[in-house]
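The listed protein sequences derive, respectively, from chains A, B, C and D.
With the numbering used here, you'll find the first sequence wraps up at 293, consecutive numbering, no jumps.
With the numbering used here, you'll find the second sequence wraps up at 243, consecutive numbering, no jumps.
With the numbering used here, you'll find the third sequence wraps up at 290, consecutive numbering, no jumps.
With the numbering used here, you'll find the fourth sequence wraps up at 369, consecutive numbering, no jumps.
These aren't lab readings, by the way, just hints derived from the structure by calculation.
Check each hint, because a few of them may be wrong.
Keeping only pairs whose Cα atoms sit at most 30 Å apart, straight-line, the calculated DSS-like set for lysine-lysine is [unchecked claim]:
hint: 1; chain 1: D; residue 1: K218; chain 2: C; residue 2: K121
hint: 2; chain 1: C; residue 1: K121; chain 2: B; residue 2: K117
hint: 3; chain 1: B; residue 1: K118; chain 2: C; residue 2: K121
hint: 4; chain 1: B; residue 1: K16; chain 2: A; residue 2: K90
hint: 5; chain 1: C; residue 1: K155; chain 2: B; residue 2: K125
hint: 6; chain 1: C; residue 1: K53; chain 2: B; residue 2: K95
hint: 7; chain 1: B; residue 1: K6; chain 2: B; residue 2: K235
hint: 8; chain 1: A; residue 1: K91; chain 2: C; residue 2: K84
hint: 9; chain 1: B; residue 1: K53; chain 2: C; residue 2: K84
hint: 10; chain 1: A; residue 1: K188; chain 2: A; residue 2: K163
hint: 11; chain 1: C; residue 1: K121; chain 2: B; residue 2: K108
hint: 12; chain 1: B; residue 1: K108; chain 2: C; residue 2: K84
hint: 13; chain 1: A; residue 1: K280; chain 2: B; residue 2: K64
hint: 14; chain 1: C; residue 1: K82; chain 2: A; residue 2: K280
hint: 15; chain 1: B; residue 1: K16; chain 2: C; residue 2: K84
hint: 16; chain 1: B; residue 1: K95; chain 2: C; residue 2: K121
hint: 17; chain 1: A; residue 1: K188; chain 2: C; residue 2: K84
hint: 18; chain 1: B; residue 1: K95; chain 2: C; residue 2: K84
Among chain C residues calculated to face chain D with C-beta under 10 Å, some are [said to hold, decoys possible]:
hint: 19; residue: L6
hint: 20; residue: F124
hint: 21; residue: Q265
Please read all numbers here as calculations on a predicted model, not as lab measurements.
Yeah, the Cβ is synthetic: ideal placement off N, Cα and C, and Gly gets one too.
What follows is each chain in one-letter form.
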Amino acid sequence: MSLLAQLTVNGLIAGAIYALVAAGFSLIYSTNKFMHFAHGISVVVGAYILYSLFSLIGIPFYLACILTLIFSSLFGLGTYRLMYLPLQNKKASNVVLLIASIGVLILFQNVIQLIFGPDVKSVGYIKVARGLNVFGAIITPLQIVIILISITLFVLLYLFMKKSKLGRDMRAVSDNKELASIMGINHKRIADYSFIIGSFLAGVAGILIGLEQNLNPTMGTILIIKGFTGAVIGGVGFIPGAVLGSFLLGLAENFSIWFLPSGYKDAIAFVLLFIFLLLKPTGLFGINKDVKK
Amino acid sequence: MTLKIKSIHKNFGGIKALDKCSLEIKKGKITAIIGPNGSGKTTLFNVISNIIKKDKGKTYFDGKDIARLEDFQISRLGISRTFQEVRLFRNLMIKDHLEIALSDSDEKLMQNLFKKKKYDVKKIKGILNLVGLNKSLDTFATDLSYGQRKLLDLAVAIAKPHTLLLLDEPVAGVNPMLRKDIKKILRELNKRGETILLIEHDMNFVMDLAEQIFVMDYGRIIAEGKPKAIQNNPKVLEAYLGD
Amino acid sequence: MIWPYLTHLLILIGIYVILTVSLNLALGYTGLLNLGHVAFFGIGAYTSALLTKAGVPFLLAFIIAGIFASIFGYLLVLATRKLKGDYLALATLGFSFVIYSLMLNWTGLTRGPLGIPGIEKPSFFGLTISSTYSYLIFVAVICILSVFVIYRIVKSPFGRLLEATRDDEMGLRVLGKNTFKLKYKAMMISAFFAGIAGSLFAHYITYIDPSYFTIPEIILLLSIVIVGGIASIKGSIVSTFVILLIPEALRFLALSSSILGPARQVIYAMILLGILLLRPRGIFGRVDLE
Amino acid sequence: MRNLIISVLLIGIFLIVGCVQQPAAETTEESVEVVEAEVIKVGFMGPLSGDAASYGESIKRGVDLAMKEMGLDNVELVVEDSKCEGKEAVTAINKLISLDGVVAIVGEVCSGATLAAAPIANENNVPMVSPSSTSPKVSEQGEYTFRTVPSDALQGDFGANLAYDRGYRKLAVLYTNEEYGLGFNNVLTESFAALGGEVVASETFERGAVDIRTQLTKTKDAEPDVIYIISNSPDSTVAALQQMTELGIEAAIFGSEGQKSPAILEGAGESAEGMVVTAVSSGTSGFIERHQAEYGEAPGPFAAQGYDAFKAIGLAVEQGATTGEEIKNALFGSDFDGASGHIVFDENGDVSGNYDVFEVQNGEFVLTS
Numbered sequence: 001m002s003l004l005a006q007l008t009v010n011g012l013i014a015g016a017i018y019a020l021v022a023a024g025f026s027l028i029y030s031t032n033k034f035m036h037f038a039h040g041i042s043v044v045v046g047a048y049i050l051y052s053l054f055s056l057i058g059i060p061f062y063l064a065c066i067l068t069l070i071f072s073s074l075f076g077l078g079t080y081r082l083m084y085l086p087l088q089n090k091k092a093s094n095v096v097l098l099i100a101s102i103g104v105l106i107l108f109q110n111v112i113q114l115i116f117g118p119d120v121k122s123v124g125y126i127k128v129a130r131g132l133n134v135f136g137a138i139i140t141p142l143q144i145v146i147i148l149i150s151i152t153l154f155v156l157l158y159l160f161m162k163k164s165k166l167g168r169d170m171r172a173v174s175d176n177k178e179l180a181s182i183m184g185i186n187h188k189r190i191a192d193y194s195f196i197i198g199s200f201l202a203g204v205a206g207i208l209i210g211l212e213q214n215l216n217p218t219m220g221t222i223l224i225i226k227g228f229t230g231a232v233i234g235g236v237g238f239i240p241g242a243v244l245g246s247f248l249l250g251l252a253e254n255f256s257i258w259f260l261p262s263g264y265k266d267a268i269a270f271v272l273l274f275i276f277l278l279l280k281p282t283g284l285f286g287i288n289k290d291v292k293k
Numbered sequence: 001m002t003l004k005i006k007s008i009h010k011n012f013g014g015i016k017a018l019d020k021c022s023l024e025i026k027k028g029k030i031t032a033i034i035g036p037n038g039s040g041k042t043t044l045f046n047v048i049s050n051i052i053k054k055d056k057g058k059t060y061f062d063g064k065d066i067a068r069l070e071d072f073q074i075s076r077l078g079i080s081r082t083f084q085e086v087r088l089f090r091n092l093m094i095k096d097h098l099e100i101a102l103s104d105s106d107e108k109l110m111q112n113l114f115k116k117k118k119y120d121v122k123k124i125k126g127i128l129n130l131v132g133l134n135k136s137l138d139t140f141a142t143d144l145s146y147g148q149r150k151l152l153d154l155a156v157a158i159a160k161p162h163t164l165l166l167l168d169e170p171v172a173g174v175n176p177m178l179r180k181d182i183k184k185i186l187r188e189l190n191k192r193g194e195t196i197l198l199i200e201h202d203m204n205f206v207m208d209l210a211e212q213i214f215v216m217d218y219g220r221i222i223a224e225g226k227p228k229a230i231q232n233n234p235k236v237l238e239a240y241l242g243d
Numbered sequence: 001m002i003w004p005y006l007t008h009l010l011i012l013i014g015i016y017v018i019l020t021v022s023l024n025l026a027l028g029y030t031g032l033l034n035l036g037h038v039a040f041f042g043i044g045a046y047t048s049a050l051l052t053k054a055g056v057p058f059l060l061a062f063i064i065a066g067i068f069a070s071i072f073g074y075l076l077v078l079a080t081r082k083l084k085g086d087y088l089a090l091a092t093l094g095f096s097f098v099i100y101s102l103m104l105n106w107t108g109l110t111r112g113p114l115g116i117p118g119i120e121k122p123s124f125f126g127l128t129i130s131s132t133y134s135y136l137i138f139v140a141v142i143c144i145l146s147v148f149v150i151y152r153i154v155k156s157p158f159g160r161l162l163e164a165t166r167d168d169e170m171g172l173r174v175l176g177k178n179t180f181k182l183k184y185k186a187m188m189i190s191a192f193f194a195g196i197a198g199s200l201f202a203h204y205i206t207y208i209d210p211s212y213f214t215i216p217e218i219i220l221l222l223s224i225v226i227v228g229g230i231a232s233i234k235g236s237i238v239s240t241f242v243i244l245l246i247p248e249a250l251r252f253l254a255l256s257s258s259i260l261g262p263a264r265q266v267i268y269a270m271i272l273l274g275i276l277l278l279r280p281r282g283i284f285g286r287v288d289l290e
Numbered sequence: 001m002r003n004l005i006i007s008v009l010l011i012g013i014f015l016i017v018g019c020v021q022q023p024a025a026e027t028t029e030e031s032v033e034v035v036e037a038e039v040i041k042v043g044f045m046g047p048l049s050g051d052a053a054s055y056g057e058s059i060k061r062g063v064d065l066a067m068k069e070m071g072l073d074n075v076e077l078v079v080e081d082s083k084c085e086g087k088e089a090v091t092a093i094n095k096l097i098s099l100d101g102v103v104a105i106v107g108e109v110c111s112g113a114t115l116a117a118a119p120i121a122n123e124n125n126v127p128m129v130s131p132s133s134t135s136p137k138v139s140e141q142g143e144y145t146f147r148t149v150p151s152d153a154l155q156g157d158f159g160a161n162l163a164y165d166r167g168y169r170k171l172a173v174l175y176t177n178e179e180y181g182l183g184f185n186n187v188l189t190e191s192f193a194a195l196g197g198e199v200v201a202s203e204t205f206e207r208g209a210v211d212i213r214t215q216l217t218k219t220k221d222a223e224p225d226v227i228y229i230i231s232n233s234p235d236s237t238v239a240a241l242q243q244m245t246e247l248g249i250e251a252a253i254f255g256s257e258g259q260k261s262p263a264i265l266e267g268a269g270e271s272a273e274g275m276v277v278t279a280v281s282s283g284t285s286g287f288i289e290r291h292q293a294e295y296g297e298a299p300g301p302f303a304a305q306g307y308d309a310f311k312a313i314g315l316a317v318e319q320g321a322t323t324g325e326e327i328k329n330a331l332f333g334s335d336f337d338g339a340s341g342h343i344v345f346d347e348n349g350d351v352s353g354n355y356d357v358f359e360v361q362n363g364e365f366v367l368t369s
């Protein structure tokens, strides 16, 4: 077992999981310009819906996955329409939307605990078994799938933002909402799409994370903090950057606690966040917009 | 008071915003910089007040090199300026705007701790009358019309102790009636010995106001001189009417 | 026999009024979206606890806690000088996590997760504040003084410049004001009060560990200031009472113990969201940030 | 000006509350006590939400079973959720003592929260019996702090000897980065080193962390022959066990009693197979059967200790103790066979450490010695 290879693989696995969360978060943040912390709970809702459909009710796995994606997209859209839109109509500032999103996170975290109880649940579709030995490092097939999906996610998001009409409209709205609406882009509809697609990505994250790790109601908070740290490092203006930023975060965390005591693992993520914000506030790939004075 | 700028260069990415720009402002005169949109006028103002760092060239004020000073230090030397879009303090009243502009210290915490906010009402009223803005001192900046906000912006620039007034498009988007008033105000200020450097792309507003005109195009000063000379200078017409 | 319980709540509210009013000075009046306020709270608590453990008299430790926190306040503004808005918020959030991890892992100094038990009650000029009632009076005096000082600052010409910095920093710089100095002074004052609130907290609870100074605390402080209304001292005071008393009121809701915990959190979250929907600018808010 | 008046007014009530009822409180306290003599209130304080909720609920079931079996009609249980957090525990204990007038408390569950609440218990002469706070520090919290679970000082030593006696010489420890984990780890590593064994790795993780791969990679690299897991966060333990299987770590796995919970077995599945858990006695066979009958499942972690904590208080009440002080004195005299073994409190309010050793065999905890 070569150490270096195993650490890199651990970093890629962790990074891929953060990337799944960061992608959706970054899409919603860059279009709507506020931090949708409740994205973490959209992921957890996705995971628990998969658990109920597949493990409890017994619907075939792939059908359960499709339904999960639909539900989590609706959940995200619902949060926007029922909570954020009314606040935006009343001219609430971004900080108020941030607090509201945290409120939604706390609300549904506890609703899930009321329904499913606090104990660890597992989807149980894939049996836990010894990983494969790839270049001297051990990695399970599911983890390989997660890394591949994260990378394809990067490519899809890149193409989506650059090539598709909806993607270009989203970039226009995120750049200048008023200008975009003058040019006939209905920014409310664009915001709807951003939440639908963003929460769809949360559903994907929920399914894969649900398979990889076990479920508990409080896992949303940790996931969103790591996800948004990855998104910031990658540069929030450039959505695919969130995926790369998350991989960097995963690798940095795993390599750093090789020589530092492991208690510092979470600290490393935030020291990285802090340094990035000071030296390169727009992140690796972000556009240098309204950051400086 | 003299302002001298020597061969200033500034590019954003590939675009040459300022290309070997040099000019000199004489004391007590109204000088205008005109030129089509995007010719680098506002960038020049921002370089003078060091909001944007220039790539090459020198800026002197009263013979002192002000390139390395911070924007607020340059302002303290006596340069008061306005911006293309009006910048006001959203949640503050008219009297606060002027009181802030009038006093220079205020940053000292300890002495100010137990002082109530005082207002030099006489002085404030004086300036407001000068610019013809007769609104109660307690109105919030956000409750003013666009024209009134332009007047308040001008009042704040005048209130700040200064020896040079930089006005970035003082009459942009202002109705003709108000335009005449502002012209009268600027003439009045000049009569009191104020030195004014203004940016405007409205040719006839500038023609009978400014004594010295610089014309800019694509970041370069393409012509300089008295209004009459500028009016029939072929290069100026070409720049404006487009070749 | 309700008084001891009420006294305990009022002591916590007193400490949190100092915290939220001082946060409002930085966030509401100066426009510094600071998610690192809880780090100053923690620094004050640990400084005071460790100094008194080392034999330093309480009053001295109390003041040093405030000063030490305000030094970190200066360093934070210096480090984040070029940032504003969301990016400043992210950087300050990063700062509070860095401080949290130092508290958790620098076991040599802070005993890490074992925390610091047995922090003695404050004693100065010969009298010791042992009973909770006398502690309440002590906190009330400090709280009233702090709110009064911050109120004076905000109403002074210096306070007017802070509000101008919030509304349009560039517009103020062009009027010859050094907004960097204004910002770090505001942050140092805000951090000082958070530091002494930390000391009051440590000597009241007598046992502190890093878990007091992390995410839930950041969210609580921010919600109180936002719900109360930014740039409104009265708003922060009233909203501290509201947000801290709601969970207490929920204790009296007859819920079967199995759903007791999560059910209360659900109700708390709903009330928070309800207040935001009714008053997006906060109860007494009149200022909007951007 | 209006704002100033309102804010000073609001804060002013501190002063009034502070001064007014100080003298008054002394006089009324005795009279109130007498009136409520009939119904004796006992408080329960533990995490019922958050990531330690599964421990809180399992202990609560133990307490309810004891209350049902003892059938004390004049005892009422008042429940508070203190979320395994210090500040919540202080608020909860203040409410229980002064508002509900409880004369004894079962709680808190987590060591950190118990340490925060203990001074208030001592100040108000209300005995506090914790079913699960095992940090050695709890013994020094004054005469009103008891616990029906042995201190980690004993279990750490017991675990070290167990591993050493079974022939393991290279120990790696994996613990949660908080009061319980660090306290246990310090004792365990010290004793194992004293026995002559070698501590090859000591890795920590945040409570609730689910990615423990790199800590496990470091551990695997140190080639231990036994790995000891100390965690009071079931989700992290499950993640660690699964990731050990994925990384193909061969070493034997030991666990502190925090790992003896059905949720971990269910979550980890085969990855938990063969895990040796040193645990405080999970209850006599009688208790396990009665618990199975009542709740349809085996007792969760510290359920037996919760049962004994309430029983000790219940017995004191049966002997006629009504005030906190009387119950405290009675507790020092308690000497009964409880669900988790023989309960006798020493001068620090601790019980002696008798541990069982369980091994996970095809998905169940089997008592081996």
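Evaluation of the provided hints:
no. : hint            : result
1   : K218/D - K121/C : violated, 44 Å
2   : K121/C - K117/B : violated, 41 Å
3   : K118/B - K121/C : violated, 44 Å
4   : K16/B - K90/A   : violated, 43 Å
5   : K155/C - K125/B : holds, 22 Å
6   : K53/C - K95/B   : violated, 52 Å
7   : K6/B - K235/B   : holds, 22 Å
8   : K91/A - K84/C   : holds, 20 Å
9   : K53/B - K84/C   : holds, 19 Å
10  : K188/A - K163/A : holds, 21 Å
11  : K121/C - K108/B : violated, 37 Å
12  : K108/B - K84/C  : holds, 24 Å
13  : K280/A - K64/B  : violated, 34 Å
14  : K82/C - K280/A  : holds, 10 Å
15  : K16/B - K84/C   : holds, 28 Å
16  : K95/B - K121/C  : violated, 49 Å
17  : K188/A - K84/C  : holds, 26 Å
18  : K95/B - K84/C   : holds, 27 Å
19  : L6              : holds, 6 Å
20  : F124            : violated, 18 Å
21  : Q265            : holds, 6 Å
Of the numbered hints given earlier, the model fails hints 1, 2, 3, 4, 6, 11, 13, 16 and 20; all others are met.
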